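Given the sequences, and given the hints that come with them, work out the whole structure.
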Amino acid sequence: MASIKDATAVAGIGMTGFSLDSGRTEYSLACEAIKAAADDAGIDLLDVDGIVTDVSDGIDAMYVQKAVGIDNCTYASDSHFGTAPMMNAVTAIAAGIAHTVLYYRSVNGSSQRRAGSDFRAAKETKDNSLDLIRYDFYHPFGLLTPEGSIGMIVRRYLHESGARPDQIGAITAVCSEHAAKNPHATFYDAPITVDDYLESPLLVDPIRELDCAPAVDGALAVVLTSAERARDLRQPPALVMSVAQGTSTGGELLTSYNRDVISALPEMRLMGSELFETAGISPADVDVAQLDDRFAPLVPLQLEELGFCERGQGPELCEGGKEIRLGGRLPLNTNGGFLGEGFLYGANVIEAVQQIRGTSANQSSTADIVLVASGAGGPADGLILRRQGT
Amino acid sequence: MEYVPGIPILKPSLDADNRPFWEAVRRHEFVLQKCGSCDRYFQPPRPMCPECRSMDTMEWVPSAGRGQVYSFVNFTTDRMAYPAMKIPYSVVLVELEEGVRMISNMLDLEPDDVQIGMPVEVAFDDLDEDLTLFKFKKLEG
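Protein sequence lines, in the order shown, are assigned to chains A and B. Going by numbering that gives the first Met the number 0, the letters in the first sequence line up with residues 0 to 389, in that order. Going by numbering that gives the first Met the number 0, the letters in the second sequence line up with residues 0 to 140, in that order.
These are computed hints drawn from the structure, not numbers from a lab. A quick note: this is a predicted structure, and the numbers were derived from the prediction, not measured. Be aware that one or more of the hints could be misleading.
One side only, chain B facing chain A, incomplete, derived with CB under 8 Å [said to hold, decoys possible]:
#: 1; residue: S12
#: 2; residue: F29
#: 3; residue: N73
Quick reminder that beta carbons are idealized off the backbone N, C-alpha and C, glycines included.
Set out below in structure tokens:
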């Protein structure tokens, strides 16, 4: 079997600005981000022979291909959730199916598509897919939005763990500290304190407004190629040490209510153990982590599931923010995370690459190895990047 | 909790796997899916028992509908709430004595009074001619 470890690298990254109302099509945003990523890598888009994206986005790869001028691809794949398409890209390159793969996302997540808002339309068009039928046990009782669905898990987690609001608020505060120095971030120059968090209104009790990452309009793109080829390109390569996914029995997207323990992320635990095993390192070797902070209360759980602390110690690790801010033992979400920069899966990969290159707005003094995790509360995925020569 | 008049509630879509459940609710009966071979209960419904992988031992059996509140959320603002329901309302996750958990609402109980561990029993709410939902009532004592 072809080995994944260090076989591929991120050679280019591109991103549009994030906003609450782009006034542009997702198609247009996608093209801008893709061109930026190709320019960053120093490749011609005609070199791209594979395209991967998120199946839930609106802009199909065929349209992208005709607008940005990509001729022929030998690999095309859509994947769900988080940054799962990154795994498709890495495995395709490692297997020799494609040489240069483009990963992109483009979503008017604020102005056009609110999570859950398509549900009524889908139901009314009699789309009886299994995923919609699953919701028939939830929506007639008024449970529909992601904040409500995950709130059920968070309530149980708070009940069992005894995590205090100020410990959760420290995550939002640290992310906002990082975002305040990142010109790309939604909360650029707008720091939020733990006190602000504690006064933040409850959206769906127990979920506060400042527990939730703001939806944004924006696009991003990543160019991946073989590690060998990446060394000849414009940027220092971010080598992919490992990439992994995890699903687990009883799992549903944000509504895994029928498993023995619901205040846990078994998908994340499985994904993390795969990541570390393939990379041949342990959590203590990670210099910077970009975790999934779409919902702040799930961050301590991720720290536990990924092995950065013992089970039950997550809230304590976050308390006060000292350990998780830039300069701490494990700097988290140095772009501000989804909480501070805006919610678009993939932006966590972009920031990991910036750290590896040494170009982050919040550059960590040590950033040889960076972990990215996505999909808290559902199928999980992630990757570990490293700087060449370390 | 109360529904807002004039806003239709999206009805559950029936398929061959879930039809016996919703038809029983319509008759004010509460049933759960169980594997007759393994004696395990399942929610949501599925065509195969994941333990013995049998497709012909899955059956629907009557349940007393008793259990306790395992978790809950309270909707207090319009922004996140279901338009057809008046805020504030709570949504509860009930753990039934059979071990499965179901999402529902509490009848005759304010959101502030919902607590984890509260004993509950199933009740039925006829919303219109075509739709009956199962709800829960607090069990006293």
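Here is what the structure says about each hint:
no., hint, verdict
1, S12, "holds (5 Å)"
2, F29, "violated (14 Å)"
3, N73, "holds (4 Å)"
The structure fails hint 2 only (numbered hints given earlier).
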